[in-house]
Amino acid sequence: MPETYRLNEGRVSYDTFDDEAVVIHFSTGKYFSMKGAACRLWVLLAQGHSVEQVTGHLASAATAGQKVAEGIRSFVDRVIEQDLLEPAGDGPAEDTPIVAAAGDQAFAEPGFEAPSFEVFDDMHDLIVLDPIHDVDDTGWPERSVA
Amino acid sequence: MATRSETTTTTTTTATPTPAGAACRVEAFLDLADRLAAEACHGQPTKGRDGGGPAGEHTLCVAGLPVQVRCSDQALTATVFRAMSHLQPAEGPPRLRVTAWHSPDAGPLLDGCPWAGRETWRAKEVVVVRGERGFAAFNAQAETICTYDRRTQSATLWSPSPETHNLRVSPLDAIFNWWLTDHGRLLCHGSAVASSSGGQPAAALIVGRGGSGKSTLAFASLGSNLSLLGDDLVAAQVAPTPWLSSLYSVGKLLPGHMRESFPHIQRHERAIAHGVPDKNLVYLAESHHAKLLSDAALRAVIVPRIAGVAQPRVEPLDRAAAYRALAPSTLLMHSGQRAEKATMLADLIRSVPAYRLNLSPDHGANLGAIESLLARRAAA
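Sequence order for the protein chains is A and B.
In this note's numbering, each residue's number is its place in the first sequence (first place is 1) plus 20.
In this note's numbering, each residue's number is its place in the second sequence (first place is 1) plus 16.
Keep in mind that a hint or two might mislead.
Unchecked claim - Which residues of chain B face chain A? A few of them, derived with a C-beta cut under 8 Å, are:
{"no.": "1", "residue": "Val143"}
{"no.": "2", "residue": "Val144"}
{"no.": "3", "residue": "Arg225"}
{"no.": "4", "residue": "Tyr339"}
{"no.": "5", "residue": "Ala343"}
{"no.": "6", "residue": "Pro344"}
{"no.": "7", "residue": "Leu347"}
{"no.": "8", "residue": "Leu348"}
{"no.": "9", "residue": "Arg354"}
To be verified - From the derived model, a few chain A residues whose C-beta atoms are all more than 12 Å from chain B:
{"no.": "10", "residue": "Ser70"}
{"no.": "11", "residue": "Ala128"}
{"no.": "12", "residue": "Pro130"}
Everything labelled a hint here was simulated from the structure, so no lab data went into it.
These numbers come from a predicted model, not from an experiment.
Every residue, glycine too, gets a C-beta built ideally from N, C-alpha and C.
Build the full structure now, drawing on both the sequences and the hints.
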């Protein structure tokens with residue numbers, strides 16, 4: 021089964037501005053800046069493309085294919101660690117072909133650097149001190165991450 | 017914002033199982049709150065803005081829409097409307113009806129409720145419940161229980177006393193947050209100032225982390241050519257044109273900061289009250305009414321930075337950085353519709369240019385830089 025993720029709906033939102041994605045986690049209060057290659061990678065994963073499909077698309081034309089694959093793996097692990105994406109489960113992966121975009125270029129360059137992102141936690145303390153528990157009509161949800 | 021950031025109680029409980037049957041649905045709770053609020057106001061005569069009397073009902077223009085607010089007694093009326101006394105009376109059928117009341121015990125609202133009981137209230141938990149018909153917020157930190165019914169466009173606010181910090185600084189903020197979002201508007205965390213020198217007022221939304229200079233610029237505007245729309249919370253909309261509206265006319269300043277930087281404000285003793293934890297609350301409609309502006313076209317987003325430079329410097333700022341300065345605190349301070357708000361905030365940031373303002377120690381020069389920027393933007 022392909023390794024596929026989806027946005028952690030209800031707890032995470034993101035938007036893109038030029039070549040930067042800004043991701044906000046409502047429960048931890050952390051927010052993230054993903055630029056260049058990280059932005060492109062994040063968007064593809066959040067759209068539901070599988071890690072295998074994304075790696076195939078971005079690493080196939082890359083000079084440093086193995087390094088790109090390792091960089092993608094590391095990025096996926098980090099976004100999971102930050103609770104930004106969650107496994108898509110048994111649902112079908114986004115199987116539409118990935119359309120080439122300007123952001124792919126960063127992966128093809130010989131000097132490729134593993135995609136990374138900046139973490140901002142200036143709001144984190146506020147959230148931990150005074151968590152807001154979002155509840156739906158059925159009762160308690162998962163509680164805020166301390 | 018003030019209440020959440022100024023409290024220190026730390027409580028995080030583990031997951032609690034859903035009560036059997038979850039009998040108290042959101043709809044039922046909205047009806048319960050409506051009933052209790054109506055009972056609290058029942059038989060209370062209502063008066064206009066200057067009518068006095070034991071209860072107060074006013075219809076104010078909030079972000080361009082008529083909002084009717086009815087309070088259960090004079091004390092609550094005085095507190096709630098003091099923070100919004102600069103808003104104009106509105107004509108026409110209200111787009112939102114709010115009933116506010118207070119009582120010593122939250123029990124009638126909390127008993128039997130599956131989301132928040134006396135225990136979570138005592139533990140200072142903040143619980144926000146969403147249902148198809150609306151929202152309820154149990155905010156023990158702000159000492160409010162609020163509901164918002166989307167179907168009837170009505171809301172209720174309960175508080176244990178008529179003079180809590182939240183009521184004194186930003187009454188109805190949770191309700192406004194939900195309702196404004198439903199009406200294509202945003203409750204934004206930021207200050208706003210405007211220039212009227214070019215004819216139609218042109219405003220700048222000033223956003224950024226705590227301590228970045230937002231409130232200082234807001235207070236400094238009182239002694240400048242600029243007008244003030246708000247300190248800390250303002251309403252914004254993108255369509256049909258980027259626009260800012262004032263909500264509250266309360267400013268917060270540490271006493272030392274007031275003494276050192278704004279001694280002229282200290283003269284207005286009757287407009288100053290002690291806040292929580294240590295900040296002075298300045299009711300600007302009582303001290304600087306002529307300097308307040310209700311709304312203006314949004315022309316720029318400014319992210320200040322205390323730079324200590326001799327002369328303030330304005331630099332273009334990329335939109336992602338502006339979004340990072342505005343969105344996290346705006347989205348995290350209130351719950352409900354966060355995903356919709358995030359999208360609207362992104363649209364807002366895309367609608368006008370953003371700038372970094374490197375602040376000098378000279379407040380007048382900083383405001384002059386903003387005035388020049390707004391003049392250029394108005395002419396563009």
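>> Check the structure against each numbered hint from earlier and tell me which ones fail, lowest number first.
In response: none
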